Amino acid sequence: MPLQWAIVFLPWLGAAALAAVPNLRQATLANIGVSALSFLMAGALAAMPFAEHGWTRTDALNLPFILVASFVGLTTAVFSAATLDAEGFDHWRIRAYHAAYQVFMGAQFLALVADNLGVMWVAVEIATLATVSMVAVHRTPAAFEAAWKFFILCGVGIALALFGTIVLYLAAQPFLQEENGLSWAALMGVAARCDPATLNLAFAFLLLGYGTKAGLVPLHSWLPDAHAEGPVPISAVLSGLLLNAAMLAVLRAKSIVGANPDAIAPGPFLLALGLASVLLAALALWRRRDARRFFGWSSIEHMGLAAFAFGLGGAAANLAGLLHLLGHSLVKSAVFFGVGRAAQAKGSQKIAEIGGLVATHPALGWGLALAIAAIAGLPPFLLFASEFRLLTVAVAEMPWLALPLVLGMVTALAALVTVLQQMCFGAPTPDAAGALDGWREWAAAVPLWLHLAVAAALGVAMPAALAAMLAEAARVVG
Amino acid sequence: MSFGQLPYDLSHLLGGSVLLLSFLLLYQRRIGAVINAFATQGTLLALAAAWQGWVQGAPGLYLTALLAFAAKGVLIPLALHHIVRRLDLHRTVETALSIGPSLMAGVALVGLAILAVLPATEGAGALAREDLALALSVVLLGMLMMITRRNAISQVIGLLSLENGLILAAIGVAGMPLVVELSTAALVLMVAVVAAVFAFQIRERFDTLDTASLEEHRGERR
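So the protein sequences, as listed, match chains P and X.
Just so we're aligned: 122 in the working numbering is position 122 of the first sequence, and the numbers increase by one with no gaps anywhere.
The number in the working numbering is simply the position in the second sequence, starting from 1, with 1000 added.
If you're looking for bench data, these hints aren't it; they were derived computationally from the structure.
In this text, all values refer to a predicted model and were calculated from it rather than measured experimentally.
There's no promise every hint is true.
To be verified - Between beta-carbon pairs, the in silico distance windows are:
1) X:1147 to P:404: 26 to 32 Å
2) P:262 to X:1036: 44 to 50 Å
3) X:1013 to P:406: 53 to 59 Å
4) P:476 to X:1147: 34 to 40 Å
5) X:1099 to P:432: 48 to 54 Å
Claimed, not checked - Examples of chain P residues toward chain X, derived with CB under 8 Å:
6) 118
7) 151
8) 156
9) 173
10) 182
11) 195
12) 200
Backbone N, C-alpha and C define an ideal beta-carbon position, used for all residues, glycine too.
Start from the sequences and build out the full structure, keeping to the hints where you can.
Pasting the structure below:
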């Protein structure tokens, strides 16, 4: 089996095996093992030359995302092993949780690695199904409400994406052989000859459909609730991975439409959705009382920034957008590790009830403080580098749009700093639970700090190979 | 293939009937009747898929037709009737927008779908274009139903009929690769939504299947 498929089927086989393991300790260790193997496979995939293989492809655009996905998948599995006790799962839910986690990871890899847009659609759908069940897993009314909203809105979203995929095929049909009809590479090849009006129609549906999954305003309302319910590791992978897969699908659609000079320019649509997301999220951040909802809204802001960058287009802005997506994956999952652990320690995920972490839990408090600073776009982390690049391009190319963008970014920054001060440096609130025993305390802290270290290292000194790959990816997006 | 030839006329008739059933869904006032109308729509969709399988010489579409009939014509409607009985739901449809304006909005949406699709697809064959316009109308009417009905079962049926529109679009595009796989995957999603209604038992937890009451649980209130 070629490695592109192995990285998809390994987690799925792991899911089948994990569904049979009722013991918490064995299950968490096996979960880490499967995730570590996936990580190794992703590394091997990155070391191989780019290839197209049946329904899959590896290129400069998806390889960085595959690497980050496998890394976040591994660290989240470690964090999950340390903190899953507190979720209070019975043995059925332990099985279901680990199986759903690996089903999600496999679907995530498939969505990233897919060349065939139909396969990509199916992968996004499977990822949605796996996460919906986990958002509802605590069976509280709030969890059901979040899962129901997630399901219905994303159900409509991916239905629209399928409609867009069908219209896209209709546009390209006269120029294609039947067997590779939904292949992105084949569609790119014939895009310039397709009927531009049909391409426009397809792009509208693909953008709306996958944009819903990416949490772009006005299709975002499922996102904060889905991030607030369910186990913390699921929030981390939802925000860190699923949003990227959806955005990658939007980028694939954008590159096809962009390859036809007579079709509508996709940029302004992304600019509008992106700016709306940034502005709405920046204001909404001020009204949140629930820490996980707060950071869910922050994900909307960051997806908005990335969409804005891709909307500007051109190599420099695309590079900024790609860096932003990767940085957001690393840092947002770190934030969720910190917030999740803090919520366990303080017995509440209300911002007002998590205070003074630096005084009561120094390692966690400082880690979370740095992670929130990183998500706010402060140096030296990767998001600073990407936001800086984005702003320089925006100011140079569209100064009148850069103004509201900066306004949104500053408003969001202020909200994040306020929450940072309250949660990390404010008056300490009483603890609800003691420290985790032995290795668990370490295993809960290491993923957070590791993500911060990687985000800082990439922000300061990007390895030349990765930088070259991303520069090429920025050209692919077009 | 054009107007006046049997393959074209029958495809058109079946596609049009699916759209007609979408309007029927919009003006039913009793939940049982809504479910029955949906079952009819599913059956018509299965017939349309089978006919396209015959016309295009694509045997895979027979499988799509069979699955559509079994799931949407029979099993999902039975399951929905069962939910309504077991949870003892209100048997009337609770509307957010009353029926007259809903129907008018529906007509406007069909007009919109035709205006969006027909000029945009001049390169494609007549049948594919008109089938796509019908399919988009069904999709939009499904969304309209989701927006204008307050009751979770009606919203689920709106989503299910929206998906009928997708399948109608997919089977109308001759030679579409993976059409069987994609329609099956979409069906799996819909079955999961129906399963979620069972699993969540929203009635027992929220006392009514009116989704407005779910808003109480957003967790934003102190």
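So, going through the hints one by one against the coordinates:
1. The hinted window of 26 to 32 Å between residue 1147 (chain X) and residue 404 (chain P) holds, with their beta carbons roughly 30 Å apart.
2. A C-beta distance of roughly 47 Å is found between residue 262 (chain P) and residue 1036 (chain X), which places it inside the suggested range of 44 to 50 Å.
3. The supplied range of 53 to 59 Å is met by residue 1013 (chain X) and residue 406 (chain P), whose beta-carbon atoms lie about 57 Å from each other.
4. Residue 476 (chain P) and residue 1147 (chain X) have their C-beta atoms about 38 Å apart, which keeps the hinted 34 to 40 Å range intact.
5. The hinted range of 48 to 54 Å is satisfied by residue 1099 (chain X) and residue 432 (chain P), whose Cβ atoms lie roughly 52 Å apart.
6. A hinted interface residue such as residue 118 (chain P) counts as satisfied when its beta carbon comes closer than 8 Å to some beta carbon of chain X; here the least separation is about 4 Å, so the hint holds.
7. For residue 151 (chain P), the shortest C-beta to C-beta distance to chain X is roughly 6 Å, which falls under 8 Å, so the interface hint holds.
8. Satisfaction of the interface hint for residue 156 (chain P) is found here, the shortest Cβ-Cβ separation to chain X being roughly 7 Å, below the 8 Å cut-off.
9. Contact between residue 173 (chain P) and chain X, as hinted, is supported at the beta carbon level, the nearest pair being about 7 Å apart and thus within 8 Å.
10. With a least beta-carbon distance of about 6 Å to chain X, the hint placing residue 182 (chain P) at the interface is held under the 8 Å criterion.
11. For residue 195 (chain P), the interface hint holds, since its Cβ comes within 8 Å of a Cβ in chain X; the closest pair sits about 4 Å apart.
12. Against a cut-off of 8 Å between C-beta atoms, the interface hint on residue 200 (chain P) holds, since the closest Cβ of chain X lies about 7 Å away.
Checked against the numbered hints above, the structure breaks none of them.
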